[in-house]
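*Asks:* Sequence:
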Amino acid sequence: MRQLDNAPPPPHWRPNLTAWTWVGVVVFVVGTIYCVVRAATSVAQGSVLGALIAGGLALMCVGLLAVLAVTFTVSAARYRESGGSATTLRVNPVIAVLYGVALAGAVLASSLYVIFSGRESVRMLFGADEVVRFLMAALLGISLLGLIGLVRSREPGRLRLTAAGVEHATFLGTRSAGWNQITDIADSAGNRALNPIVLTVRDAKPIVVSNADRYGDGGPAVYWLVRHYWRHPQDRGELADGRALQRLAAAQFTTD
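Okay, so the sequence shown: first residue is 1 according to my numbering, each after it adds one.
It is worth saying that the hints were derived from the structure and are not from the lab.
Note that the structure is a prediction, hence the values are computed from the model and not measured.
Just so you know, even glycine gets a beta-carbon here, dropped at the ideal spot from N, CA and C.
One thing to keep in mind: the hints can contain errors.
Okay, derived cross-link-like pairs now, EDC-like style, lysine to aspartate or glutamate, Cα gap no bigger than 20 angstroms in a straight line [as the list claims (entries may be wrong)]:
#: 1; residue 1: 205; residue 2: 217
#: 2; residue 1: 205; residue 2: 238
#: 3; residue 1: 205; residue 2: 235
Each pair of labels, with its calculated beta carbon distance range [as the list claims (entries may be wrong)]:
#: 4; residue 1: 172; residue 2: 129; range: 30 to 36 angstroms
#: 5; residue 1: 190; residue 2: 8; range: 57 to 63 angstroms
#: 6; residue 1: 130; residue 2: 8; range: 47 to 53 angstroms
#: 7; residue 1: 129; residue 2: 188; range: 25 to 31 angstroms
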């Protein structure tokens with residue numbers, strides 16, 4: 001067992017700004033420009049319906065671009081809390097608002113397309129073949145589920161540690177486990193998540209905290225924080241009085 005002088009990335013974590021991140025940025029930028037042009041064309045042709053569909057898709061692309069911008073440029077360090085017997089790390093809540101904007105735009109565009117895809121103005125601008133209809137229907141279903149979950153929880157991400165266990169919440173739902181239920185903590189979930197903390201829970205599905213480095217802007221130290229209190233029950237009292245946040249800031253962990 002050795003003391004960490006800083007918080008090195010877990011072995012399977014990767015830089016967030018990967019090639020796929022830049023591919024996403026390019027796709028959303030191109031999509032925004034394309035949809036804005038389509039919306040302007042629809043307005044010029046007097047098609048309110050076409051303008052609403054294209055405008056909704058543009059809003060979705062802009063919202064997702066804003067999510068990426070906030071994620072990588074705005075610190076979430078202020079969203080570390082200690083109190084009420086727990087230490088809580090959150091993702092920047094502005095991201096929830098931006099996701100809401102993107103999902104609302106997607107619901108508007110896809111629902112109008114699914115309902116009115118038989119109209120000539122919609123077919124001329126967006127096509128009406130089976131593939132496009134299927135993609136729009138899928139976008140509608142996914143966006144509705146995401147928007148409902150977001151409105152219900154208003155939580156882009158929360159990781160709460162207490163002396164009793166761990167709770168993880170996103171707009172998709174909340175999972176929790178006692179420390180004595182956790183049999184392993186890993187840093188890889190295959191291709192399902194980037195930079196995760198994977199909690200193997202006895203007789204239950206694993207709890208996967210995706211993009212764990214974004215919680216409270218703790219970086220790799222978030223992984224070592226959770227692992228530390230799993231491995232060292234004698235230190236769990238620190239989670240109730242602020243010492244856990246001091247440990248996080250100073251990266252005072254042991255690894256074995």
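*Asks:* Give a verdict on every hint.
*Replies:* Hints versus structure:
no.	hint	in the structure
1	205 x 217	violated, 26 angstroms
2	205 x 238	violated, 28 angstroms
3	205 x 235	violated, 27 angstroms
4	172 x 129: 30 to 36 angstroms	holds, 32 angstroms
5	190 x 8: 57 to 63 angstroms	violated, 22 angstroms
6	130 x 8: 47 to 53 angstroms	holds, 50 angstroms
7	129 x 188: 25 to 31 angstroms	violated, 40 angstroms
Violation of the numbered hints given earlier is confined to hints 1, 2, 3, 5, 7; the remaining hints are satisfied by the structure.
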